[in-house]
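Here the protein sequences come in this chain order: A and B. Straight run, no breaks: the first sequence in numbering that gives the first Met the number 0 ends on number 878. Straight run, no breaks: the second sequence in numbering that gives the first Met the number 0 ends on number 295.
Please note that the accuracy of each hint is not assured.
[What the hints assert, rightly or not] One-sided excerpt, in silico: chain A residues whose CB lies under 8 angstroms from chain B: (1) R3; (2) S4; (3) R5; (4) T6; (5) G7; (6) A8; (7) R14; (8) T18; (9) A22; (10) L346; (11) A347; (12) A349; (13) G351; (14) A352; (15) E354.
[Stated by the list, open to error] Derived coverage of chain B by chain A (criterion: at least 3 residues anywhere in the stretch with Cβ under 8 angstroms from a Cβ of chain A; other residues may be distant): (16) 77 to 88; (17) 119 to 131.
[What the hints assert, rightly or not] Using C-beta positions, here's what the derived DEER-type ranges look like: (18) P103(B) with A384(A): 40 to 48 angstroms; (19) R501(A) with Q24(B): 27 to 35 angstroms; (20) R515(A) with E178(B): 25 to 33 angstroms; (21) R515(A) with S66(B): 30 to 38 angstroms; (22) G78(B) with A441(A): 28 to 36 angstroms; (23) A444(A) with S76(B): 34 to 42 angstroms; (24) V391(A) with S66(B): 51 to 59 angstroms; (25) S497(A) with Q24(B): 28 to 36 angstroms.
Quick caveat, the hints were computed from the structure, so don't treat them as lab data. Note that the Cβ used here is the ideal one computed from N, Cα and C, for glycine as well.
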Amino acid sequence: MTRRSRTGAPGLLQRHLSTGVRASILVALLVGVTVAGVALAPRALARLGDRELRHALETTSATQLDLAGVGQPGAQAYAQGLDGPYAHAALVIGNIRQALPLPLQDLVGDPSWLVRTPAVGATAPPGADVDLHVRLGIDLSWQELARPVEGELPPTYDGHGPIGIAVPRALADRAGLHVGDRLSAEPGRLLVTAIVDVVDPEGGYAAHAGDLVTPTVTMPSSPDFPPTVTGTVLVEPDSARALEELLASGTLTGWLPVDGSRVSYSEADALVPQARRLASTPVDLPEGGRLGLRTGLADVVERTSDRIDATYALFALAFSGLAGVLGAVFALGVQTIVARRRPALALASARGAGEVQVRGVMVLEGVLVALPVSAFAIWAVASLAPAAVGPVGRALPWAVAALVPALFGVLTSTRALREPRQDLQVRTRSRVRWVLEVGVTALAALSLVTLDRRGVVESSRAVGIDPLVVAAPILLVTAVCVAALRIYPWPLSLLQRSLRSRRGAVAVLGTARAVRQPALGFAAALALVVGLAVVTFSAVMASTVRSGLEDSARETVGADVRLSATGFDERDVDAVRRLSGVDEVVRLSVRSGVELDLGRTAHVDVVVADTDALHAVRPDLPSLAGGPGLSLLLGTDRAEHTGDVTLDGRPAELTGIVARELLPGLESRWVLVDESALPPRVARGDGKREQLLVRVAAGSDSSDVADRAAAIAGRDGVAVEVADVADELDLARSSPLVGGLQPALLVAALAALLLTLVTVVLASLAAARSRQQLIGVLRILGMSRPQLRGVVAWELGPIAVVAVVVGTAVGLALPRVVTDALDLRPFVGGRTPPAPVVEPALVLAGVGAFVAVAVLAGLVAVAVGRRVAPAATVKMGER
Amino acid sequence: MNAQPAQIECTDLVRIFSAEGVEVQALQGLTLRVDRGELTAIVGASGSGKSTLLTILSGLDVPSAGSARVAGHDLLSMGSRERTAYRRHTVGFVWQQTARNLLPYLTAAENVAMALAVARSPRRGRTARVDELLDLLGVASVRDRPPAQMSGGQQQRVAIAVALANAPEVLFADEPTGELDEASSQGVFDALRDVNERLGVTVLIVTHDQRVSQQVRRTVQIRDGRLSTEVLRSTRLDEHGVERHHAEEYAVLDRVGRLQLPQEYLTSLSLKDLVRLELDTDHVKVHPTTGEETPS
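If we strip away everything but chain A, and leave its shape as in the complex, we get:
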């Protein structure tokens, strides 16, 4: 069969490039998958950031989050030229949202506001044993707000007759009010015309004008007096004319709800200053009125951004290692194609093709292999997962795609055409490689020194995805790997020499091959070392994060379980102590505002406890019992003078200063005192707050113990607040970031294993030809099958051993570098920056999986390579 010959360069090129495309398709697939992954990663991160920020805002109470404030309504309710009460104020408040900058404006809903008089005493109806105080409230949207369940909304009060009021149902129930009740109060007589349900679907009234929804009840200090009940009642808005004076002395409460479900993490940087600026500029209302809006939005966003950035940095670290493996795998894949082209390139080069021509053809092939598939992958990802990604996120996949033609160019050189795989060999006298290796090592040292000098960065916001932090691990791994590969032929040569005297040929042959003609070159070895380092690193980081979260949860709770209430008696304490699953219980009583003199007088909370029991529950806190005088432990978060110490006028001895957060639930500075050191009268604190700290027995469920303990302590209807480690952990894990980190580390580890598989298969396939030739010769020499298997095992064995040793070591060391450089507290919470926690079982499982995958890959590659008959390979001759 003949075909038309082409003599033009384009035709010849086309003929050349369309030959042997199978390997090219494989590499193209690898590139496509990788580019898709790289394109997807910033999108997944952006989405994760969005979800975390939304989660944070949604779990923050409206009280904290909404733009809300209490101000003065101004002297007059009516303005000239405008109809209705507070019409001018309504206009001004109505415009607040429009005046907000974007993106803040998008998160904020329409304003709600109401004007209320100060609380005035009112006579409660007979039979209701309460001291009643009411605030008259005017809300222009009262008809939507108040839905009468009994009676009718009141008419306008014009200064004559009783003031008609609509009473919210909760207040009516608590104060025993009914429609038609008449109350005498300061501004005049009040007539209950309606009992209403407050329609508050978004909870804004409950959060910002709480006593309209639920009255405030204050228990009296003496049982002789009734409880004080304060609530807001609504009057018809036009009553403002008659009540103008009283209202002017009252308050205007306004808020704009914040809807966190629409926030995007990319807006976080803009939101923080906008929210801060808003808080510092109050809104001027007519007639001297004023409304200062505050919001915790900035704090929440900032705190969450820190968490997100810390996580991003962690992801970047985990995946930067993968980038190393990937680079090596790409190099191997490209090397396979180059190897296929070698005869043609060698011929062209011998006929006078210059460096530029040879490299140019290969770069062109690289472009054809990588760019179409990359463009498709990027397009597919962008249309399947639309998300706002920054310029780096957009450029990164293209950079990865461009890496492939570059590798084609770099790995092809006319010099490399004569000696196969010269540039990837473990041992080479290539000057370029020496320069590169020294460069990498120097860079690794530089980055470590810089990291060390910089120390732990408190806020990861300052770190972001810092190139230095991200590059340090991969530089370190590469440098260690370079060193290991330079050193490893020496022990191998020693081994070889010592094996020479033995009878078996397999080991001698194996070591000789490993030293002189290694089957796996530098790229494969680097991929293996980095792959295992990534696996180990992921395992250690997973256990570090888990243990950090547990520590942080325990710190937040203060023990395994914490119960808080106004008081616990001895019976409760004993009953809780007897519960199954409880190891130890201690009661903390708090007395506030006690004078502590440390050379300077201050008021502190005194925490009284059986400190022996406390030490048993919390081994980090010392026992103070048994001393001759009054021993104190001071919990504070500022620098303290320490001179002569007196507590409540009694001389005392300060045994130590600890962080304030060590005992949770205390607002101010505190001192811990053993109950035996105080007279029984004061030993129970002030009876307002007590805590039970419980240590749960190993293997018991803290939530279960908490429920049972709370049932005991709360049996008389006492309100008991419960916190336990398991619940706290669940809460922490409900965060998308925390929930996403463990799978991400797992994905990194699995991807590393997968790439290891690909590496070993590619490298072994590349060595198939020389292996088959050798096996052909050895078979003819009479080697048995087991012996031949041994020879093949020696190909992978030494490098695998190096990878296991070096990779595990680096993987264990990296988390230390990471936690030294990056503060994970924003992520895991807690007081002390988490230190790496190594779980031997997890690490061993990772290493085991790695070895299994490597062996499996080796077997697969050898099996595939075996398709060539030995006789044929021997016939191939020397070339």
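On the provided structure of chain A, position chain B as indicated by the hints.
Below, chain B alone, put in the same frame as chain A:
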């Protein structure tokens, strides 16, 4: 000695290959001179360094020591640009294996065109040049066939066409007939001789093939990385006016006076270790030594 500068001139060429702990000295001070337009055969046992010499001469390898010049190019000091130009325009090669000569997925014409494209020869006239070369080598009939559809002899003649594409001054052929039967061998050799005579290209053939070496005027033998002997053949008319082939074997004496005696001389006279030399008026005699003569 010839006053014209030599086309190929190697002096004391040394090439050492070293791997981990193993060192092989492939050329050990080889000296060779070939004049313009000569057709020379290099013979030698396997491993004697023939192919190494050819690789060096074709600019694909660099000697460890010595000097080598081909058509005015100093092969040791050539930069990469000059090396590329050298491969494009000064030399052409034919190797033993077809795979090294021709790309399997290109037709004969395309293979020739590739050599032209590599040398960036003008596109116009490229097809004409391809056809001219294939005609010259007698393989115009396989113009549009890939190598797999040609006979071995055709493949080698196409390979010669490829090597000649850019009109080189020197043609190197490494065992060009090694894989061919007698008839094809002769065809290929005839083609090479034809090229040498008609185009004036200097041809250097490395070969095992006695039939080939017996047909060239000058055969050089390499032993242990050095030139050992040279055979010069000539055709003379004898006293009856009949053409006689005449071959004379010469040993090569290097600059310091070293000389390799042919193997059969050594064995037939049991020449070993020490020999006794005797200078006569116009020649040197070499005598074997007996045990008694050997100094202790």
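Checking hints one by one. Is G7(A) an interface residue toward chain B, by the C-beta closer than 8 angstroms rule? holds, 6 angstroms
Can we keep the R3(A) interface hint, with Cβ of chain B closer than 8 angstroms? Result: holds, 7 angstroms to nearest chain B Cβ.
Taking 25 to 33 angstroms as the hint, is the beta-carbon distance of R515(A) and E178(B) inside that range? Holds, since R515(A) and E178(B) (Cβ atoms, about 31 angstroms apart) stay within the stated range.
Confirm or reject the claim that G78(B) and A441(A) have a C-beta distance inside 28 to 36 angstroms. holds, 31 angstroms
Holds or violated: 27 to 35 angstroms for the Cβ distance of R501(A) and Q24(B)? Since R501(A) and Q24(B) have Cβ atoms about 32 angstroms apart, the given range 27 to 35 angstroms holds.
Are R5(A) and chain B close enough, Cβ to Cβ, to be under 8 angstroms, as the hint says? Cβ of R5(A) sits 6 angstroms from chain B, so the hint holds.
Hint validation: G351(A) versus chain B, beta carbon distance must be below 8 angstroms. Holds or violated? It holds, given that the least Cβ distance between G351(A) and chain B is near 3 angstroms, below 8 angstroms.
With a cut-off of 8 angstroms on the beta carbons, see whether A22(A) makes it to chain B. Violated. Min distance 15 angstroms.
A closest beta-carbon separation below 8 angstroms is what the hint needs, so does A349(A) meet it against chain B? Holds, because the Cβ-Cβ distance from A349(A) to chain B comes to roughly 6 angstroms (cut-off 8 angstroms).
Tell me if the beta carbons of V391(A) and S66(B) are separated by a distance inside 51 to 59 angstroms. holds, 56 angstroms
Check the following: the C-beta atoms of S497(A) and Q24(B) are separated by a distance inside 28 to 36 angstroms. holds, 30 angstroms
Verdict on chain A covering the region 77 to 88 of chain B, where coverage means 3 or more residues with a C-beta closer than 8 angstroms: holds (count 8)
Checked against the numbered hints given earlier, the structure breaks only hint 9 and satisfies all the rest.
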